[in-house]
Amino acid sequence: AQTVTQSQPEMSVQEAETVTLSCTYDTSESDYYLFWYKQPPSRQMILVIRQEAYKQQNATENRFSVNFQKAAKSFSLKISDSQLGDAAMYFCALGGGSEKLVFGKGTKLTVNP
Amino acid sequence: DAGVIQSPRHEVTEMGQEVTLRCKPISGHNSLFWYRQTMMRGLELLIYFNNNVPIDDSGMPEDRFSAKMPNASFSTLKIQPSEPRDSAVYFCASSYSGRAREQYFGPGTRLTVT
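Note that the protein sequences, when read in sequence, are chains G and F. For reference, each letter of the first sequence is one residue, going 1 to 113 in this note's numbering. For reference, each letter of the second sequence is one residue, going 1 to 114 in this note's numbering.
One chain only, chain G, in its complex shape (with noise of 0.2 Å):
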């Protein structure tokens, strides 16, 4: 069974500062991908990066960056420079070996200006 854990429930981050949101998992696939998505108030499930398990480099999109150690299991989100429109639930993200994906239990950012 694949599983996603997502240890903080909650975080705070000043405006303009860098955070990083920790999440671990576990899969028997040795073909697998690894997802941060955002809801912000609005609900809206938001794709934030994209990580494919056989690819070392880490995967960069704007201020979002995330590091990835395959061999303990771990897939973290930094937010660089964060803004106030950065504040939402976070959710790690698990898929390989069916179409469907696992979800951590999230945790929500919270961004003091």
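Source of the hints: derived by calculation from the structure; they are not laboratory data. Since the structure is predicted, the reported quantities are computational estimates derived from the model, not experimental observations. Watch out, some of these pointers could steer you wrong.
Unchecked claim - As a list, the in silico SDA-like pairs of lysine to any residue whose alpha-carbon atoms are at most 20 Å apart:
{"no.": "1", "chain 1": "G", "residue 1": "Lys-105", "chain 2": "F", "residue 2": "Gly-59"}
{"no.": "2", "chain 1": "G", "residue 1": "Lys-70", "chain 2": "G", "residue 2": "Ile-46"}
{"no.": "3", "chain 1": "F", "residue 1": "Lys-78", "chain 2": "F", "residue 2": "Tyr-96"}
{"no.": "4", "chain 1": "G", "residue 1": "Lys-55", "chain 2": "F", "residue 2": "Lys-78"}
{"no.": "5", "chain 1": "G", "residue 1": "Lys-105", "chain 2": "F", "residue 2": "Thr-38"}
{"no.": "6", "chain 1": "G", "residue 1": "Lys-105", "chain 2": "F", "residue 2": "Ser-66"}
Since the structure of chain G is provided, determine the placement of chain F on it from the hints.
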């Protein structure tokens, strides 16, 4: 391109009534997923289709829930009869059944059963 379209955005109904939620996936996507999100249980996968065929319905809570995908551009999730514990946000998501497998979500339907 239009994203995943869901209707209605909000639904309020009385216990015992039939509820039908609708979804139009992104054109060209051949996998469709129905999720339910609550504070207590988080995001749960109810059922997913590939090429209009139900592949895994193990998340459907009980016989009151049913889902159909009559063609590649339309799916419904029906609850009959509805109960207060069905109150949740229901999401539809679609993906292209390829290696990337990221799913794109609709805006969700907030269902309230009184």
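Evaluation of the provided hints:
1. G:Lys-105 / F:Gly-59: Answer holds: Lys-105 (chain G) to Gly-59 (chain F) is near 17 Å, not above 20 Å.
2. G:Lys-70 / G:Ile-46: Distance of about 24 Å is beyond 20 Å: violated.
3. F:Lys-78 / F:Tyr-96: violated (24 Å)
4. G:Lys-55 / F:Lys-78: With a Cα-Cα distance of about 41 Å, the restraint between Lys-55 (chain G) and Lys-78 (chain F) is violated, given a limit of 20 Å.
5. G:Lys-105 / F:Thr-38: holds (11 Å)
6. G:Lys-105 / F:Ser-66: violated (26 Å)
Hints 2, 3, 4, 6 from the earlier list are contradicted by this structure; the remaining hints agree with it.
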